[in-house]
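From just these sequences and the hints, can you work out the full model?
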Amino acid sequence: MKFRAVMIDAGPMREFSNVVTIISKLSKECVLRLSDDLIYFIVSEENSGPSPPILWCEIPQAMICSEYQLIGLDEEHKDIYLALNSGNLARSLVTLKTAKSLKMKLTKKQCPCLTLEIESPCTVSQQTRQVTHDIPVTVVPRKLWSDFHEPRVPDPDISIELPPLKQLRTTIDRMKTMASEVVIRASAEGRLTLQIKTDMAKVSTRFKGLRVEAFGGPIEHSDSETETQINEDMSRVCYCRVDAKKLSMFLSAEQISTNSTVCSIVHKKLVILCLQTDENIKLQCFISGIVY
Amino acid sequence: MDEGTSQYYFTASMDSGKTLCSLLKAIQFQETAVFCALPEGLKLTVEEGKCVQASAYVPSDNFTEYHVRDDVDVMFKISIAVLAECLNIFGSGEESSLKMYYRGEGSPLLLVLQPQSVNNVMTDCEIATQTADSVLELRDEDAEEVAKLVLKAPAFLGLLADLERSCEVFELNLSPEHPNVSIVTYGMQDRSCIDMPKSSDMVQSFSCESPVTLRYQLQHIRTIMKALAISTKVVLRCSSNGLMLLQLKLEKEDQRQMFSEFYIVPLLDD
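Residue numbers (this note's numbering), protein chains in the order written: chain A, 1125 to 1416; chain B, 3 to 272.
Hints in this document: simulated from the structure, not taken from any laboratory. Cβ coordinates follow ideal geometry from the N, Cα and C atoms, glycine included. Errors might be hidden in some of the hints.
[What the hints assert, rightly or not] Straight-line Cα separation of at most 30 Å, DSSO-like style, residue types lysine-lysine; simulated pairs:
hint, chain 1, residue 1, chain 2, residue 2
1, A, K1326, A, K1370
2, B, K200, A, K1326
3, B, K101, A, K1321
4, B, K200, B, K150
5, B, K101, A, K1326
6, A, K1321, B, K27
7, B, K200, A, K1300
8, A, K1369, B, K20
9, A, K1321, B, K200
10, B, K254, A, K1290
11, B, K79, A, K1326
12, A, K1369, B, K150
13, B, K20, A, K1300
14, B, K20, A, K1290
15, B, K200, B, K228
16, A, K1369, B, K27
17, A, K1326, B, K27
18, B, K79, A, K1321
19, B, K20, A, K1326
20, A, K1369, B, K101
21, B, K27, A, K1300
22, B, K79, A, K1300
23, B, K27, B, K150
24, A, K1149, A, K1267
25, A, K1300, B, K45
26, A, K1326, B, K45
27, B, K20, A, K1332
28, B, K228, A, K1290
29, B, K101, A, K1332
[Said to hold, decoys possible] Every beta carbon over 10 Å from chain B, so not counted as near; a handful from chain A, in silico:
hint, residue
30, A1134
31, E1169
32, I1195
33, N1209
34, C1237
35, S1270
36, V1277
37, M1299
38, M1324
39, A1325
40, G1333
See below:
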């Protein structure tokens, strides 16, 4: 097994570091999967054994790496799966935002390590300094690979463009101080509503004029559970109740400069947030719905 | 009075709810407040035990529209924490316009907020209300005023912040003689004293006819600190029964004023 990659462009290095920071906020552990074209970060729900991932990130290696070399176990198993502590990786990459280059390679020290060599410019002279981080990793054995397959999700009922993440997050953060669950509701007319309900208050923030990318409707509602809204065709509305804290955590991805953020909803079951950057880094978060 | 608003007990709107929100946060030392809409303006009152009573006043000229039905009392209890969070729903960096509606007894207080910088988003809130208990009447018309001080709020805040937190007793000695104002705190093992002559920079005006010593619980005095932090000027009045009244003028960019007011009950002599 062999892995070696080099990054030299400032933009992609910054994005790479941002992505890793977000992952480290979501979970202590993550799996780094290296394949011929894509670098994957996969986060599964903590303490729950093998379960579908809650975060799935794909980075096209050609977009961010100037050199990329990968040799897997054999012809049939070309990929390498590494389990590592996401905090370790994020902390090592802090200096990446000002670095000149990053070299990553898989090394064998006392244990298998992902070795990062970061070359930083010196502010006073032409010389550079080089910092090396060895991050211990566990090579995931072949028989466990299936735990880290891309989650197969039912076709979303709606996919709608999201308002600016920062704005969304501020609102969710206010809401989560009042309630633990928030209902996301999207309509085929391009409206997105965040709603909380407690004994004390009912708060709804409505966004309108959002682009609807896909709508699979009509949605079937059983009458007992939906409030009828005046002038609104309920068959064109779907919703999902999710944990407010989780949603807020995922929205911390606001620091990534995205060129498209889309929210897909599987009615009452699942919310998928999908962010895509200019470098074609794709970040997908899966937040399962809360059903009573 | 047009048909649209007359069915409501109370309606109001303002261009930015930001100042209102910071005023509310300044008196938010208890979960619930009594919300009272008077013809002259809005008043929210919070009480701690029967010892501290804080009110936020928003005179009606702060609102672009303000309407209270004159044949009913508009008074109810509301969660001040929830109200403040709702006003701040778009974050503190965002100025958002605010509309308030209250249909009548037992109905929720409705808020509609819209940020000024983006126009495709709005928030509406329904905040549950409860019947209000009566608010304590701490002011005693018979007790005369024995001292009145006008102080600069930031300097007074600095003074209070310097006091040892663990102390329980805050003693205020006022006298026409030097040093005019002397603040003594008593803790478990210590006693500290701050003298403040009326010539001090932070004292803008001082009036006191005869020496008086008043004692309060320091923790009660500390409840005004958040309000001091957003105010420019504080008027401190003591009456002969020991009741302290602090009136704080909020720092604002425009000419219209908002106030907060604290009544603090003295400690009884043993």
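Here's how the hints hold up against the structure:
no.	hint	result
1	A/K1326 x A/K1370	20 Å, holds
2	B/K200 x A/K1326	51 Å, violated
3	B/K101 x A/K1321	20 Å, holds
4	B/K200 x B/K150	12 Å, holds
5	B/K101 x A/K1326	16 Å, holds
6	A/K1321 x B/K27	22 Å, holds
7	B/K200 x A/K1300	48 Å, violated
8	A/K1369 x B/K20	25 Å, holds
9	A/K1321 x B/K200	54 Å, violated
10	B/K254 x A/K1290	28 Å, holds
11	B/K79 x A/K1326	16 Å, holds
12	A/K1369 x B/K150	49 Å, violated
13	B/K20 x A/K1300	20 Å, holds
14	B/K20 x A/K1290	19 Å, holds
15	B/K200 x B/K228	25 Å, holds
16	A/K1369 x B/K27	23 Å, holds
17	A/K1326 x B/K27	20 Å, holds
18	B/K79 x A/K1321	19 Å, holds
19	B/K20 x A/K1326	21 Å, holds
20	A/K1369 x B/K101	29 Å, holds
21	B/K27 x A/K1300	18 Å, holds
22	B/K79 x A/K1300	23 Å, holds
23	B/K27 x B/K150	27 Å, holds
24	A/K1149 x A/K1267	28 Å, holds
25	A/K1300 x B/K45	28 Å, holds
26	A/K1326 x B/K45	23 Å, holds
27	B/K20 x A/K1332	24 Å, holds
28	B/K228 x A/K1290	28 Å, holds
29	B/K101 x A/K1332	19 Å, holds
30	A1134	28 Å, holds
31	E1169	29 Å, holds
32	I1195	49 Å, holds
33	N1209	33 Å, holds
34	C1237	42 Å, holds
35	S1270	43 Å, holds
36	V1277	28 Å, holds
37	M1299	8 Å, violated
38	M1324	5 Å, violated
39	A1325	5 Å, violated
40	G1333	5 Å, violated
Hint compliance for this structure: hints 2, 7, 9, 12, 37, 38, 39, 40 are broken, all remaining hints hold.
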